[in-house]
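Residue numbers (this note's numbering): 9 to 317.
Watch out, some of these pointers could steer you wrong.
Claimed, not checked - Derived DMTMM-like pairs (lysine to aspartate or glutamate); straight-line CA-CA distance at most 25 Å:
hint: 1; residue 1: Lys75; residue 2: Glu123
hint: 2; residue 1: Lys75; residue 2: Glu120
hint: 3; residue 1: Lys75; residue 2: Glu209
hint: 4; residue 1: Lys160; residue 2: Glu123
Stated by the list, open to error - Ranges between beta-carbon positions, derived for each pair:
hint: 5; residue 1: Glu253; residue 2: Arg113; range: 47 to 57 Å
hint: 6; residue 1: Pro261; residue 2: Asp299; range: 36 to 46 Å
hint: 7; residue 1: Ala219; residue 2: Glu120; range: 41 to 51 Å
hint: 8; residue 1: Glu146; residue 2: Val43; range: 37 to 47 Å
hint: 9; residue 1: Glu259; residue 2: Gly37; range: 11 to 21 Å
hint: 10; residue 1: Ala90; residue 2: Ala287; range: 35 to 45 Å
hint: 11; residue 1: Thr10; residue 2: Arg298; range: 40 to 50 Å
Source of the hints: derived by calculation from the structure; they are not laboratory data.
All figures in this text were calculated on a predicted structure; none of them were measured in a lab.
We treat Cβ as the ideally placed atom computed from N, Cα and C, and that holds for glycine.
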Amino acid sequence: MTLRLGTRGSALALAQSTTVAEAVRERTGRAVDLVEIVTPGDRSSAPIQQLGVGVFVSALRDALLAKEIDFAVHSYKDLPTAGADGLVIAAIPQRQDPRDALVARDGLTLAELPEGARIGTGALRRIAQLNALGRRLEPMPVRGNVDTRLRKLADGEFDAIVLARAGLARLGRVQEATEVLDPLLMLPAPAQGALAVECREDDVELRELLAALDDEYTRAAVTAERALLAELEAGCSAPIAALAEVAEGDEGPEIYLRGAVFSPDGGFALRLSRTGTLADAAEVGRALARDLREEGADNALGVQHDPHP
9 MTLRLGTRGS
19 ALALAQSTTV
29 AEAVRERTGR
39 AVDLVEIVTP
49 GDRSSAPIQQ
59 LGVGVFVSAL
69 RDALLAKEID
79 FAVHSYKDLP
89 TAGADGLVIA
99 AIPQRQDPRD
109 ALVARDGLTL
119 AELPEGARIG
129 TGALRRIAQL
139 NALGRRLEPM
149 PVRGNVDTRL
159 RKLADGEFDA
169 IVLARAGLAR
179 LGRVQEATEV
189 LDPLLMLPAP
199 AQGALAVECR
209 EDDVELRELL
219 AALDDEYTRA
229 AVTAERALLA
239 ELEAGCSAPI
249 AALAEVAEGD
259 EGPEIYLRGA
269 VFSPDGGFAL
279 RLSRTGTLAD
289 AAEVGRALAR
299 DLREEGADNA
309 LGVQHDPHP
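Let's have the full structure, built from the sequences with the hints guiding it.
Quick look at the structure:
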């Protein structure tokens, strides 16, 4: 039986879903057809933080529950931290590079951009971290797919834009990045660069089939990052960042998790880290969230500071 894979219709979503479909075909021999689903986020030009968490996800999940499709592929960072009743993340394939990338005019790096440079980004997390640099850069809202954003840059609307490197890579355009941003300067969004392959919880056969795509290290890293996000009770539009990496420790693989919370204007910036085992990934995330709270993270979201007194 041919499997129906639900996907958004953007170039990036289709590239992501095509990669997963090819992996399913290669590993299982099953035929896979892509089924395009239009989501409310695709119809709106409003800023992401106004649209809310899950705006690109709900239509796909509705189609899954209605059995119009068999499984779906999401950018994991778009998913609400709470799971959906009747659905399960059956696989998290190996993650692309999770870092952010700068695409700037004249091949400039972030350090080379002049004061007042207009930087396009729709993410409050990126805006807060750009403000936290104290460089008097001018973050400006931008919506649209990757091609649209790059065109706006080429047309002179911005001096630079910040995008997920993973998106550029999946579209074959990573060479257009003028700098891949060090996480010390720009910590990524939780689960950035990772895909979530979701199906119905009661479809045991498909769950077992999709499990072949799962990457243990990516799942552990994403679990830690999203546990931190959930513990802080914030969605993907909040100025919260996290990045977990798996490295070999004295007693086997271990997780190194970095987390950060910012006020939107960058005047408050708190960065902490924790380590733990892969089996304790979720608790590592929750523990780091508690550490951040103890250091004042809860105050960041509602407090405005002037970074240039």
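Run through the hints listed earlier and report the numbers of any the structure violates, in increasing order. Hints 1, 2, 5, 6, 9 and 10 not satisfied by this model.
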